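Okay, here's what each chain looks like letter by letter:
2 protein chains.
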Amino acid sequence: MKDLLIIRDPKVAKIIACDTRWKMLMILRYQAMTPSQLSVYLGKTVSSVMHHLKVLEDRGLVELVKKEVKGNVIEKWYKATAKKYIISYELSEGRIPGSEETVKFTEDMARKAVKALSAFGFNINNNEELVELFRKFISLRSAALEKIANMQKRKINADYGSYWLLLTVLTYLVLSEDDEFKNILNRIKEYLGDFDESH
Amino acid sequence: MKDLLIIRDPKVAKIIACDTRWKMLMILRYQAMTPSQLSVYLGKTVSSVMHHLKVLEDRGLVELVKKEVKGNVIEKWYKATAKKYIISYELSEGRIPGSEETVKFTEDMARKAVKALSAFGFNINNNEELVELFRKFISLRSAALEKIANMQKRKINADYGSYWLLLTVLTYLVLSEDDEFKNILNRIKEYLGDFDESH
Chain A
0 MKDLLIIRDP KVAKIIACDT RWKMLMILRY QAMTPSQLSV YLGKTVSSVM HHLKVLEDRG
60 LVELVKKEVK GNVIEKWYKA TAKKYIISYE LSEGRIPGSE ETVKFTEDMA RKAVKALSAF
120 GFNINNNEEL VELFRKFISL RSAALEKIAN MQKRKINADY GSYWLLLTVL TYLVLSEDDE
180 FKNILNRIKE YLGDFDESH
Chain B
0 MKDLLIIRDP KVAKIIACDT RWKMLMILRY QAMTPSQLSV YLGKTVSSVM HHLKVLEDRG
60 LVELVKKEVK GNVIEKWYKA TAKKYIISYE LSEGRIPGSE ETVKFTEDMA RKAVKALSAF
120 GFNINNNEEL VELFRKFISL RSAALEKIAN MQKRKINADY GSYWLLLTVL TYLVLSEDDE
180 FKNILNRIKE YLGDFDESH
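Protein sequences appear in the order of chains A and B. Numbering follows numbering that gives the first Met the number 0, in which position 104 of the first sequence is assigned residue number 103; successive positions increment by one, without gaps. Numbering follows numbering that gives the first Met the number 0, in which position 56 of the second sequence is assigned residue number 55; successive positions increment by one, without gaps.
Treat the hints loosely; a few may be bogus.
Since copy identity is lost for identical chains, a pair holds within one copy or between any two.
[What the hints assert, rightly or not] Taking lysine-lysine pairs in the DSSO-like style, the calculated list, with each CA pair at most 27 Å apart, reads:
| id | residue 1 | residue 2 |
| --- | --- | --- |
| 1 | Lys43 | Lys75 |
| 2 | Lys114 | Lys152 |
| 3 | Lys78 | Lys22 |
| 4 | Lys82 | Lys22 |
| 5 | Lys82 | Lys188 |
| 6 | Lys83 | Lys53 |
| 7 | Lys114 | Lys1 |
| 8 | Lys111 | Lys10 |
| 9 | Lys154 | Lys135 |
| 10 | Lys114 | Lys22 |
| 11 | Lys181 | Lys78 |
| 12 | Lys146 | Lys114 |
| 13 | Lys154 | Lys114 |
| 14 | Lys188 | Lys152 |
| 15 | Lys10 | Lys78 |
| 16 | Lys82 | Lys66 |
| 17 | Lys146 | Lys43 |
| 18 | Lys181 | Lys146 |
| 19 | Lys10 | Lys103 |
| 20 | Lys103 | Lys75 |
| 21 | Lys111 | Lys65 |
| 22 | Lys111 | Lys1 |
| 23 | Lys82 | Lys135 |
| 24 | Lys111 | Lys154 |
| 25 | Lys78 | Lys135 |
Simulated from the structure, these hints should not be mistaken for lab results. Since this is a predicted model, take the numbers as computed values, not measurements.
Model the full assembly from the supplied sequences, consistent with the hints where possible.
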């Protein structure tokens, strides 16, 4: 199992920009599962799960880790090939042909996050500049994680909590040196005002 | 389902500082599951899973969401009560009687993360000052998430990806105004040196 897998191929990015497949990948990072277990977990038919697994397996995102014969049935266990999947900066910025859908997926996520700001008392629906700042935030965070992945010299030997902590600390460190990121944060702050005073 | 649940009770924090129960909570945030499904997922017996579920249910961390009669068996479906669980700052700083185990759990996580830095070419095993900086990083991040939870006025209506993005942006904003946090980051940076030059 790899630690971080950077996705640079727009076709692969398109494959995981699907709720069901994304959910499958998320759960298979923690635990190997059979198609029938996944079907219960996802509330989908076994044949639909098997189709999605094949798509993911063909792209090297999941792999077969165990086969077990039970009566006249062969149970196959699948696991994700990485602990974390990152869509590359170049791809999320739409600089690669075929990345249009990935950019749209990220933009939609940013738009929904901006809309959800109203739960915190900020009413700034449909502000396209803020959506763009949130989208850029995702992009620059991906770039930081790519840089971290490139620095890595060997496999990380740690449980999930410590692994998560290490990646989080390193991401903050890289981004704290990134002037474009600091600028994005400041511009978002201008929209939201001072947290201490307004709340 | 709540968005963020801040844990302030040391007894509750102790309950989730257990690998099996933590894993159960993580999966039940996404999907309701029965004890038998959980037993397959966790590789534990059904009776052990039922015991853990009872402990979590008694503390309001999971709840029964559906009952289904199948033949002479009643299937019970459980779900987590929140999307994200945060151990409060006061608790993780050990300022509340009974929080010793929680502090130890966080310290262990910090120690393992520091050890895993060697995978990036940094060889700083057993540096207790760096462990303390990592522990403080977790603590201050919890404080930021608590502040965000307190700002929240109503339930967030967004899918998991957008919800995660919004929380991440808000956490960066709150921490970018926190002088203690900036100091912690700078001190970690002093240990690790310039990322661009050394790698």
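These are the hints, each one checked on the structure:
1. Lys43 / Lys75: both (17 Å within a copy, 19 Å between copies)
2. Lys114 / Lys152: Only across copies: Lys114 and Lys152 sit 14 Å apart there, 40 Å inside one copy, limit 27 Å.
3. Lys78 / Lys22: Classified as both: same-chain Cα gap 13 Å, cross-chain 16 Å, threshold 27 Å.
4. Lys82 / Lys22: Both, since 13 Å and 15 Å are each at most 27 Å.
5. Lys82 / Lys188: between (32 Å within a copy, 25 Å between copies)
6. Lys83 / Lys53: Result: close within a single copy only, 20 Å intra versus 32 Å inter.
7. Lys114 / Lys1: between (35 Å within a copy, 18 Å between copies)
8. Lys111 / Lys10: Close inside one copy (24 Å), not across copies (36 Å); limit 27 Å.
9. Lys154 / Lys135: between (29 Å within a copy, 26 Å between copies)
10. Lys114 / Lys22: So Lys114 and Lys22 pass the 27 Å test inside one copy only (23 Å; across, 31 Å).
11. Lys181 / Lys78: neither (37 Å within a copy, 38 Å between copies)
12. Lys146 / Lys114: Classified as between; 20 Å across copies, 30 Å inside a copy.
13. Lys154 / Lys114: between (39 Å within a copy, 12 Å between copies)
14. Lys188 / Lys152: Classified as between: cross-chain Cα gap 19 Å, same-chain 36 Å, threshold 27 Å.
15. Lys10 / Lys78: Classified as within: same-chain Cα gap 21 Å, cross-chain 35 Å, threshold 27 Å.
16. Lys82 / Lys66: This pair counts as within: shortest intra-copy Cα distance 22 Å, inter-copy 34 Å.
17. Lys146 / Lys43: Neither. Shortest intra-copy (37 Å) and inter-copy (38 Å) distances fail the 27 Å Cα cut-off.
18. Lys181 / Lys146: Both: 17 Å inside a copy, 21 Å across copies.
19. Lys10 / Lys103: This pair counts as within: shortest intra-copy Cα distance 14 Å, inter-copy 45 Å.
20. Lys103 / Lys75: Answer is neither: 35 Å inside a copy and 39 Å across each miss the 27 Å cutoff.
21. Lys111 / Lys65: neither (39 Å within a copy, 29 Å between copies)
22. Lys111 / Lys1: For Lys111 and Lys1, the Cα distance is within 27 Å only across copies (18 Å; inside one copy 31 Å).
23. Lys82 / Lys135: both (24 Å within a copy, 25 Å between copies)
24. Lys111 / Lys154: between (35 Å within a copy, 14 Å between copies)
25. Lys78 / Lys135: Classified as neither; 31 Å inside a copy, 34 Å across copies.
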